[in-house]
Amino acid sequence: MSDDIRGMTAELAADPDSLVFLDLGEALRRRGQLDAAYKIARTGLTRYPELARAHDLAGRILCDRGERDRAFEAWVAALELDAGLVSAHKGLGFLFHQAGDLASADKHLAYARQADPDDAGTAVALERVRALQRAAPPTPTASAAAATPSAPSEAPPGPAEQAPAGSDLAAEAGLPFSFEEGSPSPVQDAVFAGLDGGTDGLLLVDSAGLRLGGGLRSPEGADVADSVAALLAGVSKEAARTARLLELGDWRGLAVECGDGNLFLSAPTDSTVLLTVRGLDMPMGRVARFAERASTAARAWLERTG
Amino acid sequence: MSAAAELLDRLSTVRGIRGSALVSASDGLIVAESLMTGVDGRAVAALAASLVNRLRRATECAGRREPMFLQLHAAEGTVLAAPCGAELVLVAVAGPDANVGLARLEMFEVVGRLA
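The listed protein sequences correspond, in order, to chains L and S.
For our numbering, add 1 to where a residue sits in the first sequence, where the first one is 1.
For our numbering, add 4 to where a residue sits in the second sequence, where the first one is 1.
Careful, some of the hints might be misleading.
What the hints assert, rightly or not - Simulated restraints on C-beta separations:
(1) 90(S) x 220(L): 16 to 24 Å
(2) 72(S) x 8(L): 27 to 35 Å
(3) 238(L) x 101(S): 38 to 46 Å
To be verified - Chain L is faced by these chain S residues, among others (derived, beta-carbon under 7 Å):
(4) 47
(5) 51
(6) 55
(7) 59
(8) 61
(9) 62
(10) 63
(11) 65
(12) 67
(13) 77
(14) 80
(15) 104
What the hints contain is simulated information worked out from the structure, not anything from laboratory work.
Where a beta carbon is used, it is the ideal one built from N, C-alpha and C, also for glycine.
Based on the sequences and whatever the hints tell you, model everything.
Shown next, in the form of structure tokens:
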């Protein structure tokens, strides 16, 4: 056992609520200790069932174990919780590629590529998928093989008869978008696609206090997005009024330090407000920079969607 | 000079700070102030108290603890505020050249002494 794994194991034993299980599970997976890794991931998931990265970890381990159907379900669960989780998109891209559903593989890998352009592995995988698509017409209905337990071959499976269509499978799995050829994926259209916390901790609100995108949960896990959204419009108007009446010009941002988190309010456009919430582990200066990136993403999304 | 006024004077010596005030959170009235000429103390007090109260509701709704410090960054300056117990809010107005980090530390120091 390496020192790293020993240290993380000790840390987890001392604090079973620690998120170190994510790193420990991944370290064990990389060493090929898949059963031990899965045990760690499963225990972590019982404590953090709403943590997308825990589902993602389980997906990677299950994929390594050859349990593609369960890996598929794990990555779908991860994306339900965080539609922008790049590693889950890469995992699903891999599974769809293996299953021969090149169109769906392309969608997930293209998303991962867009979100993380420096990842050479994703670029190569995407190029490979596109080369295969150019060489042969797509077979979208083959996608279900990704979730078929009896699909052990590394080669793309044959035709579509193995299981239901990918879109049906996605629907059965509760995936909030369709894999139908040509239909835009809401994941790719998500406001904060590619940003960590796109479904929790980033909240885009219109001037009437209605949520446009993103999400927010309380530290206890309750969905507070809509109720907070309703209050934010008033806060931003008050901020603008304060800056204007004190002759300080246009307001640029409002940083709020709470005892258990850092909040940053900004206005991507004149008619929208963006709330960024992070834990105390992210200093306010970094929260402000992250909020800038989220504002840019929000503006781009608003332009795309009109 | 009261202890509060002395603390506000000290805060106002931080580079870029145009003035500071201790404000009643409930009605936005000034309790003590140390403001440069040209800064409307009553407006500062009323607006900052209103903003803090709105933020209190928002953070409570989000399941977060009360705001400890807030910074409203605008094109030509910054408003800083730190609740001082449930009743008071310490407010400072800063120009664009202010050392906000130092001002923040000084404000926590003032809040600690007044609490």
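Hint check results:
1. 90(S) x 220(L): 16 to 24 Å: 22 Å, holds
2. 72(S) x 8(L): 27 to 35 Å: 34 Å, holds
3. 238(L) x 101(S): 38 to 46 Å: Since the Cβ atoms of residue 238(L) and residue 101(S) sit about 28 Å apart, the hinted range of 38 to 46 Å is violated.
4. 47: 5 Å, holds
5. 51: 4 Å, holds
6. 55: Constraint on residue 55(S) satisfied, holds at 5 Å.
7. 59: Given a least distance of 6 Å, the restraint on residue 59(S) holds.
8. 61: Cβ of residue 61(S) sits 6 Å from chain L, so the hint holds.
9. 62: 4 Å, holds
10. 63: 5 Å, holds
11. 65: Holds: closest Cβ of chain L sits about 5 Å from residue 65(S), inside 7 Å.
12. 67: 3 Å, holds
13. 77: 5 Å, holds
14. 80: 4 Å, holds
15. 104: 10 Å, violated
Comparing the model with each numbered hint stated earlier shows that hints 3 and 15 do not hold.
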